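*Asks:* Spelled out, the chains give:
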Amino acid sequence: MKDIKRRIAISKYWDYTFATIGLLSSFVGLALLLTLFLDLFIDGFPRLSYKFFTSFPSRFPENAGILSAWVGTVLVMIVTALAAIPLGVAAGIYLEEYAGKNLFTNIIEINIANLAGIPSIIYGLLALGLFVYFFKFGESILTGGLALTLLILPVVIMATREAIRAIPNSIREASYALGATKWQTVRWHILPYSTGGILTGIIIGLSRAIGETAPLITVGALTFIAFLPTSPLSSDFPFISFRWLLDPFTVMPIQLFNWVSRPQKGFHMNAAAAGIVLMVMTLVMNGIAIYIRYRFRKKIKW
Amino acid sequence: MFKKIVLGMIAIMIMAASIPVMAAEKIVKIDGSSTVYPITEAVAEEFQKAKRASVKVTVGISGTGGGFKKFCRGETDISDASRPILKKEMDVCKEHGIEYVELPVAYDGLAVMVNPKNTWVKSMTVADLKKMWEPAAQGKITKWNQVRSEWPDVPLKLYGAGVDSGTYDYFTEAIVGKAKSSRGDFTSSEDDNVLVQGIAGDKNALGFFGLAYYEENRDKLKLVPVINPKTGKEVLPSEQTVMDGTYQPLSRPIFIYVSKKSLDKSEVKEFVEFYLKNAAKLVKQVKYVPLPEKAYKLAEARFSKRKIGTLFGGEAEVGVKIEDLLKREGL
Numbered sequence: 001m002k003d004i005k006r007r008i009a010i011s012k013y014w015d016y017t018f019a020t021i022g023l024l025s026s027f028v029g030l031a032l033l034l035t036l037f038l039d040l041f042i043d044g045f046p047r048l049s050y051k052f053f054t055s056f057p058s059r060f061p062e063n064a065g066i067l068s069a070w071v072g073t074v075l076v077m078i079v080t081a082l083a084a085i086p087l088g089v090a091a092g093i094y095l096e097e098y099a100g101k102n103l104f105t106n107i108i109e110i111n112i113a114n115l116a117g118i119p120s121i122i123y124g125l126l127a128l129g130l131f132v133y134f135f136k137f138g139e140s141i142l143t144g145g146l147a148l149t150l151l152i153l154p155v156v157i158m159a160t161r162e163a164i165r166a167i168p169n170s171i172r173e174a175s176y177a178l179g180a181t182k183w184q185t186v187r188w189h190i191l192p193y194s195t196g197g198i199l200t201g202i203i204i205g206l207s208r209a210i211g212e213t214a215p216l217i218t219v220g221a222l223t224f225i226a227f228l229p230t231s232p233l234s235s236d237f238p239f240i241s242f243r244w245l246l247d248p249f250t251v252m253p254i255q256l257f258n259w260v261s262r263p264q265k266g267f268h269m270n271a272a273a274a275g276i277v278l279m280v281m282t283l284v285m286n287g288i289a290i291y292i293r294y295r296f297r298k299k300i301k302w
Numbered sequence: 303m304f305k306k307i308v309l310g311m312i313a314i315m316i317m318a319a320s321i322p323v324m325a326a327e328k329i330v331k332i333d334g335s336s337t338v339y340p341i342t343e344a345v346a347e348e349f350q351k352a353k354r355a356s357v358k359v360t361v362g363i364s365g366t367g368g369g370f371k372k373f374c375r376g377e378t379d380i381s382d383a384s385r386p387i388l389k390k391e392m393d394v395c396k397e398h399g400i401e402y403v404e405l406p407v408a409y410d411g412l413a414v415m416v417n418p419k420n421t422w423v424k425s426m427t428v429a430d431l432k433k434m435w436e437p438a439a440q441g442k443i444t445k446w447n448q449v450r451s452e453w454p455d456v457p458l459k460l461y462g463a464g465v466d467s468g469t470y471d472y473f474t475e476a477i478v479g480k481a482k483s484s485r486g487d488f489t490s491s492e493d494d495n496v497l498v499q500g501i502a503g504d505k506n507a508l509g510f511f512g513l514a515y516y517e518e519n520r521d522k523l524k525l526v527p528v529i530n531p532k533t534g535k536e537v538l539p540s541e542q543t544v545m546d547g548t549y550q551p552l553s554r555p556i557f558i559y560v561s562k563k564s565l566d567k568s569e570v571k572e573f574v575e576f577y578l579k580n581a582a583k584l585v586k587q588v589k590y591v592p593l594p595e596k597a598y599k600l601a602e603a604r605f606s607k608r609k610i611g612t613l614f615g616g617e618a619e620v621g622v623k624i625e626d627l628l629k630r631e632g633l
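If you read the protein sequences in the order shown, they are chains B and G.
Heads up, the first sequence is in this note's numbering, so the first residue is 1 and it goes up one at a time.
Heads up, the second sequence is in this note's numbering, so the first residue is 303 and it goes up one at a time.
To be clear, the hints were calculated from the coordinates, so they are not data collected in a lab.
Each hint should be verified, as a subset may be incorrect.
[To be verified] Sample of chain G residues facing chain B (criterion: CB under 10 Å; computed from the structure):
1) T342
2) E347
3) I363
4) D393
5) V394
6) E397
7) T489
8) E492
9) N495
[Claimed, not checked] Restricting the straight-line Cα-Cα distance to at most 25 Å, the calculated cross-link-like pairs of lysine-lysine (DSS-like) are:
10) G:K524 x B:K265
11) B:K265 x G:K424
12) G:K586 x B:K265
Quick caveat, the model's predicted, so the values are computed rather than measured.
Built from N, CA and C at the ideal position, the CB exists for glycine as well.
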């Protein structure tokens, strides 16, 4: 009797020990994030003003702003999302639902897994050769967005596959049993049920892309640019213009990096303020992902 | 979801179809060294203001080497450079038929710095610095008294600019005698502010970086006078000593290279003229050392005569006064 009690006590002791270690480990990440955010906040908050968002870069730290940087980041992200979502999701669906198990599929799978681990500057070099020199897109928003698309494609493909794999086979079988084709099954069952997971993957990919500097500098993103890309809305027919795709650009992390490495204290404050904006952008994107996942989960009725 | 994907695909197709549309607009494209960047940024800012935004100016920071790569392919109008163009870059330019005018725009002084608690260093010779930094010092010269016996027996901690920077190239050229050649066991960072923090927090540290970083952190750092090998006098780096050429060999001219082909565009020509006319004032505002008034006049003359080519013959020359160089050409 005593022996059993002792054993239970020991087991419980280990249980508590691990719970404590686990809790502390999760606090490390949180504490780091909080410290970082607080530090940025203290340094950068005084600089956050309407003017900061509506001014171009300047040699005077107090006049400098992030207008060209945040507009550039938003536009590049739009291009990246528009290109990465269809390509990544289609590839993911194909590999999971259509592709047979053979050597060819295996090679594709191994390659995608490897691509996810390649340093981002390599993607920059690839994009420089492919989009700038071969397709002649120039050093433009289009090139930047497509470079980041290459970077996040593996993430999107893998997330899509994970999400599809989580759907029980019985759902597919039920659909086939009613005479649905493969495409009908994908369209009406697989896609709706996996949307939450796929979107999470896309947002994780985009959050990675939003902080990238190296591949964009390689394809020719600028640092000083005191004008905005052409407006996507025009007064002439057809009222929508895609000229902005070929305009030069800069993005938030490049502006931030430049400010951090300047000697003047004022620029360091600007960098902190830009850091807050970038962090909030990422947090908002993650928030949207969580909300979408929650909404799609509620719709699933099995 | 499905609709969104289809919409996205349609959008991409429309984008692809609209690509060839590109109207001619007035734009000056500049890329190159991040050391020269603050000056070019300042000029670009003022130029756009003066032109009421009718001319667009873009400035990138691909680095001196990366900038020349684009410049010699004819992709940019002007290249920022923290060192003269090298032989192999000249060859690439020639291959693509790009001719250029080389214009000095400012001086950049490299300062040698120690911690304020360091009481023993009064001044240094180039030989002292070489002993610390040369490749042979790796793993061997680890204490201050190994450099000079009168200095104390305490560890020597070295901090320096990142090995890909023009600053590192110049420092090694001037001190060791060969660019890109130094010991490998020192703390290096592309961000000079990291070096400032390192030296400020370590009593036994020594490092080098741009003079502007000292100006902003006077209370945390102590400047080391370097003995000019030609005059034998110890010289503290300052705007004065860099400009008059007594702080040698650790000050260097920095340049812009203008493509001759681009000068057919009136906006590029006007931009360069604006650059030289306002450089003295703007260079000071961004904490660099301006060239003497005379040198800017000589540079303007060089530009108006469209003198093609470099004054350096494809290699970095240490310890030159820019007026002497410009005069060498007989302008």
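*Asks:* Determine for every hint whether it applies to the structure shown.
*Replies:* Going down the list of hints, with the structure as the test:
1. Interface hint status for T342 of chain G: upheld, as the beta-carbon distance to the closest one in chain B is roughly 7 Å, under 10 Å.
2. Interface restraint check for E347 of chain G: the shortest CB-CB distance to chain B comes to about 6 Å, inside 10 Å, so the restraint holds.
3. The closest approach between the C-beta of I363 of chain G and any C-beta of chain B is roughly 5 Å, which is under the 10 Å cut-off, so the hint is satisfied.
4. Here the hint on D393 of chain G is broken, as its CB sits about 20 Å from the closest CB of chain B, past 10 Å.
5. At its closest, the beta carbon of V394 of chain G sits 15 Å from a beta carbon of chain B; the interface hint therefore is violated under the 10 Å criterion.
6. Because the smallest distance between the Cβ of E397 of chain G and any Cβ of chain B comes to about 16 Å, over 10 Å, the interface hint for this residue is violated.
7. Nearest Cβ of chain B to the Cβ of T489 of chain G: about 16 Å, over the 10 Å cut. The hint is violated.
8. Given the 10 Å rule on beta carbons, the hint for E492 of chain G holds: about 7 Å separates it from the nearest Cβ of chain B.
9. Interface hint at N495 of chain G: satisfied, since its Cβ lies 7 Å from the closest Cβ of chain B, which is below the 10 Å cut-off.
10. Taken as a hint, the K524 of chain G and K265 of chain B pair is honoured in the structure, with Cα atoms around 19 Å apart against an allowance of 25 Å.
11. A threshold of 25 Å between alpha carbons decides the hint, and for K265 of chain B with K424 of chain G the separation of about 29 Å lies outside it, so the pair is violated.
12. As the CA atoms of K586 of chain G and K265 of chain B are separated by approximately 17 Å, the hinted pair is consistent with the 25 Å bound.
The structure shown violates the earlier hints numbered 4, 5, 6, 7, 11.
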